[in-house]
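Novice: Residue numbers (the working numbering), protein chains in the order written: chain X, 278 to 518; chain C, 122 to 601.
Note that these hints are calculated values from the structure, not bench results.
Taking lysine to any residue and the SDA-like style, the derived pairs with C-alpha atoms no more than 25 Å apart in a straight line are:
hint, chain 1, residue 1, chain 2, residue 2
1, X, 384, C, 534
2, X, 384, C, 592
3, C, 152, X, 473
4, C, 528, X, 334
Some chain C residues well away from chain X (every beta-carbon gap over 12 Å; in silico):
hint, residue
5, 149
6, 180
7, 209
8, 261
9, 293
10, 309
11, 383
12, 392
13, 407
Here a beta-carbon is modelled for each residue, glycine too, at the ideal position from N, C-alpha and C.
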Amino acid sequence: MRVSLFVTCLVDSLFPEVGVSTVRLLRRLGAEVDFPENQICCGQPAFNAGYHPEARAVAEGWLDAFSSSDHIVSPSGSCGGMVVHGYEELFADDPTRLAQAREVRGKVYELSQFIVEVLGLEDVGARYPARVTYHPSCHATRLMGVGDAPVRLLRRVKDLEFVELPFAEECCGFGGTFSVKMGDVSTAIVSDKIRHIQETGADLVVGTDMGCLMNIEGRLRRIGSPVRVMHLAQLLEEGVQ
Amino acid sequence: MTVHPATMKERAAEALHNDFLREAVKITTDKFFAGKALAQRSLGDWEAWRERGRAIRAHVLAHLDYYLGQLIDQVKSRGGKVHLCETAEDAVQVIVDIARARNARSVIKSKSMVTEEIQLNKALEAIGVRAVETDLGEYIIQLAHETPSHIIAPAIHKTKKDVAELFSQVAGKPIKDDTDTLTNFARQKLREEFLTGDIGITGCNFAVAETGSVALFTNEGNGRMVTTLPPVHVVVMGMERVVPTFEDLEVMMNLLPRSGTGQKLTSYVTVITGPRREGEVDGPEEFHLVIVDNGRSRILRDPEFREALQCIRCGACLNVCPVYRQIGGHAYGWVYPGPIGAVITPLLTDDLDRWGDLPYASSLCAACAEACPVKIPLHDMLVRHRVRYVAAGKTPPAERMAFRLYKRAFTSPRRYRLAFKTAVTFQRPLVKDRHLSARLPGLAGWTAGRDFPAAAPKRFRDLWPGLAAEARQMGGADHE
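This is chain C alone, in the form it adopts within the complex (with noise of 0.2 Å):
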């Protein structure tokens, strides 16, 4: 993870000049829009499948005690161990000492946002574990020292030949740019990992209660490698990733791939109960879940924004966002970008001097709210947390001021008519053709793109008494 010293705008000044990552996001986020329309379509009422999505994870979060406590106990029934962790630190605590127990060389890891947002892999790095990703699209991004930039795609933002010149000072010599040859390449590589892996860690797309299992959507079927071959596997989820029952689990294995890349299932979904048992030939030793608090309770208690929880980051906000798909996920900042980012990292970090910005970085065109498979509010909340910012006082003297003079204005017919023949007065020298071209301060981030338009000579309320007569004449009886 990588925290970038600059403001939203700054970052997304950033990513407006790197014409291959926009292109490349685009492209990318069309393609799993498209893909969305059908899957969606071939599952039926859409919108009743939403509503079931939406009311099994409020269902979870109104009783997340309860459905926790079921976890925690059906885990240890079954011979896992469990670890509550409150913070980040606490969380990566856990794993070093699991792998300092088991003396740990290397760890292979299944893809799980959960391990980005606390940072695991440079804790395990410190203490000399060699932590390796296995997921196609986070390998790449690890050789590149980099961060995801999607949720799904992590390396939606690399080209072939970024990639292959990436693997190329791996294998320390030229690796072709073509899809089978950089495939052939990370498959053998990571093969090696699998072999001689001595903890598997995974995220997790959903745990349920009533068998304490945990549930791996996955593509490339790293995810069976990963919680089977090495002797230890550590499962890290938010704790808010709880499912009643397997019921439950088929509603999101409906939802969360269609949602994401617009795929009826994935091609792999591997359900895992505990560790091996007697007389089974395969599966870790040691099972352990490390349930992640990080903030979450704080968001629960929160009614303005407990909604936020039922996320199950499937990506489909960031994939119609507008915003996200001109900048792409790095200009976020943090850990989980698009619409969803922007409303659960001001929550997340309760930093609101450097991720309070994060909101404005939308239109609110509610387009993320409608692609949203749980219908989490997210443009209602983009506008929840500018109210947040503004009530702090964090907001510009000038914008302020500005908002207090639209108040007077605009609740004074005799007030609003003062402003507006104002702005008509001291608009007439930079007028041409009914615009304004020239840079007006406070208008700037408008005029450096567009012409703006002028205020009319007359306000409509100024030509209405005319409409009426004109409605008179005409022998009509509107009511003036």
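Next up, chain X with everything else stripped away, as it sits in the complex (with noise of 0.2 Å):
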């Protein structure tokens, strides 16, 4: 199956590890990976703003660059679901561009979401002695419909201890550019969101979404926590036996 990576402007510049992972895990799984190369990000950064014209010229070189793929795989819930949900307001003038999107919505899934409902897999053959919590993301969640395919990674993961997060579902407070406007919101938002993964006992917190994580790391590491945040992706590639 040929799976082309929608690596995501934060995951290209800032944590790049964790297309490195993507790739290697969609790989073992047997997928065949192709990099569109004139990709750079999906416009949701100016999309969320409120600076349209900006984010529809950005978006115009995603739909472009994506234009011949069949799977369309994202390490990120959120990017996916401005692809998905959001391409639909940004276009919704423009009515080539418009059928370009619609076109490639269905081909478009978050990581976990395309191994467990695509590839048909939970069992990914990963072993990750640790205590582990996990974070949904809202767009993953809430945009992109992913449910609870990555606790079911988790959960098959050998030696690897699942802990359920009290109120999971509440947003980390990151936003894009909300947690620079309203940075005091968006802390104290951040803030409860550690105080509950601390409530766990947990050493890891797991999620989908670089945004999020680098959100609740960054806080973490601002207090001079020891728990640690990991990508899925990362843990079921890394944690390979």
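Reconstruct the complex from the two isolated chains, following the hints.
Specialist: Printed below as a string of structure tokens:
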């Protein structure tokens, strides 16, 4: 099965190791991975901030880059959500681009969603001895309909002790420009998230979106917490036996 | 109603310092949310109910002229008077005139957000009429000279101790701060008011067009007193609060309390159809329906925001909003807090300069849209507001510049590479352990409370050729 990696700009320039893990994991599960090199960003930062002409210019580049893909897989539910949900709004007045966006919509998957729903796998053969909790990102849950796919994958990891996160579905407070514009409210929200993570006694918090994870990790580091943060792709790939 | 002078950001900062407020709001909204989950399940297919609710509200909005016409005819045919008011001032004037005509000295009120919106109590006070809120929460905040901080739990931010202090002032002696004592005190006080009120003023959860009835959902029974004891009953409703039939009302009776407080039904549902008829022993001699536009028809004409009028004021979006849960309702500055407030306040007031910053009080997590029982796409609307704010040139020049640069860099692989190289170069003195912890200009909102990851030494796309080679070595057939 041919899979086009939608790497996301955040992973590309801040967390390339997550992209590397995503590729290696998908390969191990039998997929052929290609990387459309003209992709840069889906346009979400400008879209959410209200700069739609700018977002459109960037999103058009994204559509062109993935025009010939069969399956498009992203290690971020938020960026995937931008394509499946946001493009409808963004290109409402542009019938050509809207048609293109609608065609591509059915091909876009968040990584764990792809593994569970398309590849039909829950046990990816990983082993990771740690007490782990999971933060479900809002856009993966609410815009991509990822559901419990990441949890099902985690529960099948050998030697991994999974602990439910209280108030799991409450936002971590990231929200793109929100985290800068209303920095103190955002920090207050992530502080609650971290309190709940600490209540679980987990040594590791796993997520499927680097936006949320960099927010959570940034706060954990600032308060000197030993709790580590990891993308699901890294855990499943690095934890292979 | 208090209009706060500060910006959303400043009001939020103030609220963040109030630990009690934040804790109280979280405890109550958690309780509502947990209750909602249970009450939803007991109804069966919640998504199907939501869709019914949405369809009814959308249908009414698409034919609002027709249903308002029907409602008005029905109210009149049953002996009621109807007043269509374009502005808040018009509505206030109508009610002031009614009060004057009856030589009213006191007005008893049942909870109504619209009367907060039109600042009715202030206008009544100005002509020497005492307005008494009879919903317990409203009564408390009225004594404190405050405004509601939640749509259905107006005094969500008050402790028992706060309430005991307020009641002690009224009583002129200390009142104990246990729940029974407090509610008994309010009950005694309010009963005196019920019996002496000259006019009863209520809101209207829904008006039923087919019969000209108004329906009130309350938990304290005060709605029944206010609508039946005084000789005059005035109903104030936003012009969108119509449902066609009692069957539609039933859907709303299921959706609203479940969504708001997690109740299957409110303790009291009061349905009033016109004034007292001949031979009846109870009910008011006069019945007035005041239908308030106050910006609503402007929203109705706006295809991007029309669905906001579907709102049934249940407060479910507040209960799940991570921002509301941190800062409470007063930080939103006007009558309607939370995500729905951030959407409708700029529309109702038509004042972008004052209220255009509200739509930024959201992380766009979409919990509000998910919670909404009539499926208003609240998080999409918050983005639409931002688009208008940007288009009106209201955002800071530095931000506009940043997004111009973003567009330039992110539409060309060559310029993107250059921007990345520049970032890597400039961050060098600031990086420690792959993070930037210094307070960076432009990122200060982030770095005040969190570390920021440094740009990686090499981008993923720079690593890709190596990854592709890895696949070839392993005998894979990856495409490049």
